[in-house]
Amino acid sequence: MKTIHAKINGIAVEVPAGTTILEAAKKAQVRIPTLCKHPDLKPTAACGLCIVKLKGNPRTFRACTTPIDEGMEVITHDDELVSTRKTVLELILSNHPADCQTCGRNGSCELQKLSADFAMREERIPRHVCDLPKDASTGSIIIDYAKCIKCGRCVQVCQEVQNVWALSFLERGIDTRMAPSGDISLAESPCVRCGQCSAHCPTGAIVENDDTALVWKALHDPNKFCTVQIAPAVRVAIGEEFGLEPGTNLTRKIYAVLRRMGFKAVFDTNFSADLTIMEESAEFVHRFANNGVLPLITTCCPSWVDFMEKYHTDLIPNFSTAKSPQQMMGVMTKTYYAQKQGLDPAKIYQVSIMPCTAKKFELERDTNMQASGYPDVDLSITTREFARMIKQSGIDFLRLDDEEADSILGEYTGAGTIFGATGGVMEAALRTAYYKITGENMPKEAIDIQSVRGLKGVREAEINVDGTKVRVAVAHGLANVEYVMDKVRKARDNGEPLPYHFIEVMACPGGCIGGGGQPYGVTDDIREKRIAGLYQDDRDCKLRFSHENPEVKQAYAEFLGEPLSEKAHHLLHTHYVERPMYQR
Amino acid sequence: MKIEDLKQIKTSALARKQGCSKRACICMGSACIASGSKKVKESLDPAAAKEGIEVQQIGCQGLCSSGPIMVTEPGHVLHTHVGDNHVDPILQEIKTGAYGPKAISFDSPFYKKQKRIVLENAGKIDPERIEDYIGQDGYFALAKVLSEYKPEQVIEVIKSSGLRGRGGAGFPTGIKWTLMAQSKSADGRKFVICNGDEGDPGAFMDRSVMEDDPHRILEGMLIAGYAVGANNGFIYVRAEYPFAVERLNLAIEQAREKGLLGKNILESGFAFDIQIRLGAGAFVCGEETALIASIEGKRGSPRPRPPFPTTSGLWGCPTMINNVETLANIAPIIRNGAPWFSAIGVGKSVGTKVFALTGNIVNTGLIEVPMGMTLREIIFDIGGGCPKGLEFKAVQTGGPSGGLITKDYLDTPITYEHLQELGSIMGSGGMVVLTDKDCMVDLAKFYLNFCVDESCGKCAPCRVGGYQMAKILDKITKGRGVIEDLALLEEIALAMKKASLCGLGQTAPNPVLSTLRYFRNEYMAYIEGGAKYARQKAKELAEKAV
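Line by line, the protein sequences are chains A and B.
With my numbering applied, the first sequence covers -4 to 579.
With my numbering applied, the second sequence covers 2 to 547.
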């Protein structure tokens, strides 16, 4: 690729052709302020803060969208640019409430930080703030229209990355707002609660519904026996909230802090991930061997399930009926664990700590989520809420001694832990399916199934299972699903051979580690580090096959019987129905 | 159809015209229709038929405030304010050839000082008859390029003519065409778009061209398509121009019927077709990237450039957008040659410009003058100056994006460069004449509010900046302003100019800056006079409005 030679504030830089001024400036150790640009998204050029000048040109240019050209001399900071930026920031603030203290983004808000950096001290321009009420209709995320700065990130992520089209821009001029089109509530829109809008919002305009108070209330209730589970992706991201590098694995400190907070039993969703694999791989092997409906499509991701029930209803028969690990853990706690411990399941209060906003919604999806007669899980909180709880608790989290999870729903294998990364469910399922088909484990050097790993939007692979070719596809970021599903449909409608036998979908880019409830500021770089943390955890595990998890084996032996047994079906499986895209 | 057939049509069209020496031509432009020309025509048709006089509908004669307008032959006599009751006397005049005195004639300075290229056919042809257009050498420029020129030769002609975009910014048309011609399309599709989303308050130049001479636009687009290698065209017209849409649709139908649109045009192998798309009332859709989004069926808001549409435009394909007036200049340039065109005008501003004269001026209407004419000539000689009892104060050019020119600068020649020097712009060609009775703060407020209403809301400087400036102006005109407000206005204005994404936001503060520059005293009067002054002023303005 052609190399461009240019100057940023007199400092020579060399960058590949096509690099924007914004990126090139970083090479000269210059940071140009931005408010709308996000590394995941195409620049919208909305905020106007990144303006720069080019020597010999009277105009100003947006650094986020202008490619740097050979010989360009860029001026990023001069009196006029800095004061213009300050005025623009002042204008944005004049259209934003001044209630930082009670805002969900207090301390992590990009507008707040920029205002601090720019030393905004005066309020010369009278405030005009939108007075629409908040939209809390989904229970997962809350839209506060007043705090929206119209950067367009949420709309872009909802439409282009997730292909959901719940959010769009309405009205124009000063009345412009992002909202569900048709002026309906978010719950009535096609929203799948993935929360990517909240993860990309620079301000507190879209935040997760904070349930931390409810957790504390339950923990302080003497009549409740509080149990908790932590999802795979949480362990490698929570550290970011405490200044650690992304990917730092804090599993055992999380167990410790949860116990200190007052949870009576600390479980790990990785256990139920192993359990999910037992059911799902059994389902796969059964369909594969008996000419069942293929490809089998994974259903661990509630946003994907919701999306499918709205947009891909013709593929409902292809869906794995296995519940997600969150729900399996919940129902196992209230049945198997309760029986073993002699506890009244009515008193058990199960909290899940998830990287996900949609998990809050999954709890109440339908009556199957109360298979034991009690809600499988009572409350789900995100990684961000969990971090807040740790900070509220006053516990010096990072200095706690490592602890272990509670038995009999706490032990996990490497296959369970990689559930948090895109391709991980597929990889874990293949490891066990291989065993079920061949009767022996994959050779050691084949355990890391590299072809399904990585951040490419769609990954297709062919896995050799004892001479049989199993064709698989992995998609993450809902916009990437279309390609895979259309390929399946085309083959089905034309009577051609199946393009795939098995498909894994996770709604969020990168999988759960990039979930809508994870710490802010995610980029592909951070996603890769979190994923690396999980693969390291996998390698560090003595056991790397779900079917070798001793507690899972014990659960089948003592309680469930076989995978796909009647009991397993009743407790661990669900079904899907077509849902209208718009609820009104 | 072959070129010979085109010549045949021309011959018979001219013969037809010569065959009927007694004609009553009535203007069917929007302004005349609004003042009742359709009703007049209803009375005229049967009466004229009885007398053996042919009735023809024609386009705008420019004197829009004096409509309905009629031109009669023989004698080429101009009748203004024609009502039902004038039909019989006018028919008698045509019959006898003895005309009574008329308010204004084609020999008046209003007409004599104009130079009509874009509007050359307005008033000569029936816009609904393709034969009339062909009779005026219509489609012969197309025939010429298809039979004699290679595409790059066409571009060379346009380049050397010095034609610049008439939509406002004045970008050299030849350079745009060159960029477009060089641009490769991944799927082979390239588009030419005619921007007919004229939206400046007080501007109606493009409407007139579309209504009065629609084939001229089609011909311009065809030539452009041939030159840049595009086979598809769109005309984007605002829905508020129903007659323009009607006539363009008819023109497209006629051109298709005659084989001037479609495949193998004039047996040259060149294919080109045109579709119409209607705007839904957003001013910002005149901005090219917003216009493209609108045609694609998306929310009409601008996107950052680069990439420019000539690289990646409609559905990602190379797209060239030219304004109506720009395209209307193409055929005459091809017919008469680049040197002919570049000899008109001054410096880098060549050719003519159509202006809509409005405000407090005697001859409200549409004019076309050579570039370089002074404002004094336009306003006082052609426009007839201000009505009795009113004193000229300033003229607003360039609509809501433009600025004021005061009487001290009346001798400025109208060129892109001179107007810019004065802090205004050519814009699309609206000219609003203001007198001593007009309040400049109120004017600035009007234009700013227009832009605030029309802001798409995408970028913060325009969305919030415009709104806050309007609030400050409102405060000032209520007599509650303080001196610091003026500095704040200027500061926000600068931020909008520097940091807005598109032309709308970048130029929206111009009327405020321009009035602050030349009429700061009027702002000060509000600030110093307080509420009492503001009340009195509001009363005056209300009275004036009545």
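These aren't lab readings, by the way, just hints derived from the structure by calculation.
Even for Gly, the Cβ is constructed at its ideal location relative to N, Cα and C.
Hints are supplied without guarantee of correctness; some may be wrong.
Okay, derived cross-link-like pairs now, EDC-like style, lysine to aspartate or glutamate, Cα gap no bigger than 16 Å in a straight line [stated by the list, open to error]: (1) A/Lys81 with A/Glu118; (2) B/Lys23 with B/Glu5; (3) A/Lys439 with A/Asp461; (4) A/Lys81 with B/Glu52; (5) A/Lys81 with B/Glu491; (6) A/Lys37 with A/Glu155; (7) B/Lys299 with A/Glu155; (8) A/Lys81 with A/Asp126; (9) B/Lys479 with B/Asp437; (10) B/Lys498 with A/Glu75; (11) B/Lys476 with B/Asp443; (12) B/Lys299 with A/Glu118; (13) B/Lys472 with A/Glu75; (14) B/Lys472 with B/Glu492; (15) B/Lys394 with B/Glu523.
To spell it out: a stretch of chain B is covered by chain A in this simulated footprint if at least three of its residues, at any positions, have a beta carbon under 8 Å from a beta carbon of chain A; those stretches are [what the hints assert, rightly or not]: (16) 444 to 457; (17) 462 to 475; (18) 491 to 500.
So, going through the hints one by one against the coordinates:
no. : hint                   : verdict
1   : A/Lys81 with A/Glu118  : 12 Å, holds
2   : B/Lys23 with B/Glu5    : 30 Å, violated
3   : A/Lys439 with A/Asp461 : 15 Å, holds
4   : A/Lys81 with B/Glu52   : 75 Å, violated
5   : A/Lys81 with B/Glu491  : 14 Å, holds
6   : A/Lys37 with A/Glu155  : 10 Å, holds
7   : B/Lys299 with A/Glu155 : 14 Å, holds
8   : A/Lys81 with A/Asp126  : 25 Å, violated
9   : B/Lys479 with B/Asp437 : 21 Å, violated
10  : B/Lys498 with A/Glu75  : 12 Å, holds
11  : B/Lys476 with B/Asp443 : 12 Å, holds
12  : B/Lys299 with A/Glu118 : 37 Å, violated
13  : B/Lys472 with A/Glu75  : 24 Å, violated
14  : B/Lys472 with B/Glu492 : 14 Å, holds
15  : B/Lys394 with B/Glu523 : 13 Å, holds
16  : 444 to 457             : holds (count 5)
17  : 462 to 475             : holds (count 8)
18  : 491 to 500             : holds (count 6)
This entry does not satisfy hints 2, 4, 8, 9, 12, 13, going by the numbered hints stated previously.
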